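S.K.: Take a look at the letters that make up each chain.
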Amino acid sequence: MIVGEQKPIAEIKAMVAPYNKVLILGCGTCVKTCFAGGEDEAAVLTSALRLAFKKDGKNIEIETQTIERQCEDGFIKESAAAVSRNEAVLSLACGAGVQDMARRFPVTPVLPGVNTTFIGVLEKQGLFTEECLGCGHCELAVFGGVCPVTRCSKKLLNGPCGGSRDGKCEISPDTDCAWQLIIARLTALGQMDNLRTYIPPKDWRTSHAGGPRKLVREDHII
Amino acid sequence: MNSTSISGLQQVLEGGDFAVTAECGPPRGANTQVVQKKGELLRGNVDAVNVTDNQTAIVRMSSIAASASLLQMGLEPVMQMVCRDRNRIALQSDILGAYALGLRNILCLSGDHQSFGSQPDSMNVFDIDSMNLIRMVRTMRDDGLDMSGFKLDQAPRMFIGAAANPFADPFEYRVIRLAKKIEAGADFIQTQCIYNMDRFKEWMHMAREEGLTEKVYILAGVTPLKSVGMARFMDSKVAGMDIPEETIQRMASVPKENAAAEGIKICLETIAELRDIQGVSGIHLMAIEWEEKVAEIIEAANLLPRPAF
Ligand code: SF4
Ligand code: SF4
Chain A
8 MIVGEQKPIA EIKAMVAPYN KVLILGCGTC VKTCFAGGED EAAVLTSALR LAFKKDGKNI
68 EIETQTIERQ CEDGFIKESA AAVSRNEAVL SLACGAGVQD MARRFPVTPV LPGVNTTFIG
128 VLEKQGLFTE ECLGCGHCEL AVFGGVCPVT RCSKKLLNGP CGGSRDGKCE ISPDTDCAWQ
188 LIIARLTALG QMDNLRTYIP PKDWRTSHAG GPRKLVREDH II
Chain B
5 MNSTSISGLQ QVLEGGDFAV TAECGPPRGA NTQVVQKKGE LLRGNVDAVN VTDNQTAIVR
65 MSSIAASASL LQMGLEPVMQ MVCRDRNRIA LQSDILGAYA LGLRNILCLS GDHQSFGSQP
125 DSMNVFDIDS MNLIRMVRTM RDDGLDMSGF KLDQAPRMFI GAAANPFADP FEYRVIRLAK
185 KIEAGADFIQ TQCIYNMDRF KEWMHMAREE GLTEKVYILA GVTPLKSVGM ARFMDSKVAG
245 MDIPEETIQR MASVPKENAA AEGIKICLET IAELRDIQGV SGIHLMAIEW EEKVAEIIEA
305 ANLLPRPAF
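Going down the list, the protein sequences come from chains A and B.
Each residue of the first sequence is one higher than the last, beginning at 8 in my numbering.
Each residue of the second sequence is one higher than the last, beginning at 5 in my numbering.
What you were told as hints is all true, and nothing was included just to trick you.
Computed beta-carbon distance windows for the label pairs:
#, chain 1, residue 1, chain 2, residue 2, range
1, B, Met77, A, Lys175, 41 to 47 Å
2, B, Gln253, A, Lys175, 21 to 27 Å
3, B, Asp21, A, Glu137, 46 to 52 Å
4, B, His209, A, Ala17, 57 to 63 Å
Chain A residues, not near chain B, derived (Cβ > 12 Å throughout):
#, residue
5, Pro25
6, Ser54
7, Asn66
8, Glu68
9, Glu85
10, Ala109
11, His144
12, Gly218
No lab work stands behind these hints: they were computed from the structure.
These numbers come from a predicted model, not from an experiment.
C-beta atoms are modelled at their ideal positions from N, C-alpha and C, and glycine is treated no differently.
Please put together the full structure from these sequences, using the hints given.
M.R.: The following block contains the structure:
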């Protein structure tokens, strides 16, 4: 999923302060799962903002709605009526959702209420970890299902650097060394030969380095 | 110089002399006199001077410029190059430029992560890894091709070095990685500072078993400790460093004013032991901001005079 984190209330407050009527729009998929922008978070944020503005003696009307996904037009439509009643939208979706909303409502300011952080998983309760950079050419098969492009701090493809210690990365004792995990996995899978295999430089054209990406599916074009 | 040798360092190693190199960190400023002063302290005491490339991700004078300045003084530089700050285009371009300036030794490294440095807010590059950097320099040198396969009008001929850390984890993988680096094109290896002699010997044993010491020159890294504080700091804070508690205790057991002398004594014992290990071709002395001690250490280790080339 896309993992995100709600922005600090002070930052959100400053963004919405210029408006009198604001729609807080939650998103019911990824950001819901990571407790950043689902229905519950939208409700809590609404109360917190109302309270904060009230303290300042400022009267802002806040409406709240949550749709299934802000990155899909079919769902975005469901917010059209609420959007038209307000001067601005504070979107709690990821960056893609915020932009899709902006595309759909060209004259309404759509503000980001969430910092989109990474594509990741819930590793354990309360801990989300980054797993994929969306490089456009997945090579997980040779690395035993652990991505060094994403999870090694130096994107090393040919083995661990000299800073790996006790299974941790040199950048922090809280960060697993991806290469330690790769070696353990390949050992468990009996694929140690992969460790000796030379991996050529990555072709970054399929990644963001090649410019903003598009995916065209001719078979889906009507 | 032997006509097939690319560099003076290569010639010393091929000649079978126990090689001595030392480290020179460029200044945090544009003053070349700092480099020259360090160079003067090393002149005649070492076969080559290894010039760091923004080590620990702190901005310093470029490795190429400082290396060129040492070359002008008649010293033999080993230019370090890290993958952290340059993409493959910049790496290749800098190698061509370095060769054009007369530099003939390169040490290929991944580089310390920028989070250690003074500008942790910077972006890193890591377009290619050190393994691929080694291979790239080899292909430029031996095939005269850049990474696109373009035939260069003059190939940069570099004597290629790589790093190895026998003390990092996982230990079993360390020799495999060494083999991969040799396969990629490393001519010489510079190791992490050695304090844990047992582990180093075990690593060397494994390297010999794999026949690797026949294929590469290994320069064993040594760093004299100045104080017990430095020992503790290095052991806990410097990535990939392993200082046994015994050594730390030994540094702690002497009065403060004798600590530096004790550190040098440990260093000399280490050098003596290293000279007896089959497959160790020399030492790389990293006397961090202590270049004035290099001459004394090399002399006390009976490694003077250095061979002329
Ligand atoms: S190789 Fe690329 S696509 Fe596969 S997990 Fe890593 S970053 Fe994602
Ligand atoms: S310690 Fe491991 S994860 Fe960290 S940079 Fe080195 S190899 Fe990559």
